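Novice: Quick note on the working numbering: the sequence shown kicks off at 16 and runs consecutively.
Warning: the hint list may mix true and false statements.
[Unchecked claim] Dumping the calculated SDA-like pairs for lysine to any residue here, alpha-carbon to alpha-carbon at most 20 Å: (1) LYS57 / LYS188; (2) LYS116 / ASN93; (3) LYS57 / LYS299; (4) LYS188 / ILE129; (5) LYS116 / VAL102.
[Unchecked claim] Simulated restraints on C-beta separations: (6) SER244 / PHE94: 49 to 59 Å; (7) ASP223 / PHE94: 20 to 30 Å; (8) LYS116 / SER244: 20 to 30 Å; (9) GLN123 / ASP223: 32 to 42 Å; (10) PRO242 / GLU336: 24 to 34 Å; (11) LYS65 / GLU323: 13 to 23 Å; (12) LYS40 / PHE250: 18 to 28 Å; (13) ILE168 / ASP117: 26 to 36 Å; (14) PRO251 / ARG308: 23 to 33 Å; (15) LEU324 / ASP254: 32 to 42 Å; (16) ASN133 / ALA51: 53 to 63 Å; (17) ILE48 / HIS295: 44 to 54 Å; (18) LEU152 / HIS321: 20 to 30 Å.
None of these hints come from the bench; they were simulated from the model.
Bear in mind the structure is a predicted one, so any value in this text is a computation, not a measurement.
Yeah, the Cβ is synthetic: ideal placement off N, Cα and C, and Gly gets one too.
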Amino acid sequence: LSLPLGIKVHFLIFPKHGMWVRLRKVVIWLLGIYLAIPFLVKICPAIQAKLVFLNFVRVPYFIDLKRPQDQGLNHTCNFYLQPEEDVTIGVWHTVPTFLWKDAQRKDQMWYEDILSSNNPVILYLHGNAHSSSNSFLGYHVVTFDYRGWGDSIGTPSESGMTYDALHVFDWIKARSGDNPVYIWGHSLGTGVATNLVRRLCERETPPDALILESPFTNIREEAKSHPFSVVYRYFPGFDWFFLDPITSSGIKFANDENVKHISCSLLILHAEDDPVVPFHLGKKLYNIAAPSRNFRDYKVQFVPFHKELGYRHKYIYKSPELPRILREFLGKSAHHHHHHH
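Taking the hints into account, I'd like the entire structure generated from these sequences.
Specialist: Quick look at the structure:
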């Protein structure tokens, strides 16, 4: 009995069979690549930076945005702004539903003038093409591609994206009269949104409300919980290999820090079945914000969406409840208490 076993073991370890040799080669190769990647990322932090941006930004959002009417967005005006030299960003302005008929074949001036008609404006930081649909019935929606994405020219960076958002916000404020302006961030856009709103509050021009859809606490915690990192989560030195390069590239997206410096109403929306930004990060952000002194005079609200609904990371806009949630929150967004339901 011992002899065949010996032979069996011998065959397993030194297979004479061509397929085994090939398979073993493949396994050794894969193992080699698996071990090499962390070092590669550590040596070239730019790889991580690219991954952070790419992975959140599904390009192109709107296919050919130069002619929005091709997308059935014939109530949308597309134009370009130049936040600084060598940077051009594509911007889209969609008017509220009841103006869609009027909007046919109108020029850019008409769109700019109508911003001061009695409807709130949402500056939408980055989500999917569908978001200009029916969730935003009574609102103007202005959205844009960050530098380096879609239609926009420039290299993406956290400070650059924040600067672009500030530029678009100021462009809106110059045209929106007394209409409320809300800032709505989705996914990575929540990081841009809190950066922007913190800056606006510091210069004492806060928006009328901040809405964060599927937000994280900061990019390190998000990267750690991202499905991509599953393969390496238990790799020794995960933080050193994978998270430090993100930080050293100047990417922080510190929502958790920023909310301590924001004074305006805050609404957080998160789906329990979100596979990209786990629900518990949105909840954690709410728990940091709610007791914070800077929100003393403002409403902070967290709205979870049941996993049965299947909204995951980017379909909250489909919720039939959303218009009501927005109406109730924005309608009395200056009230002095925290809500949680």
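Novice: Output the indices of the hints that this structure fails to meet, ascending.
Specialist: 1, 3, 5, 6, 8, 9, 11, 14, 17
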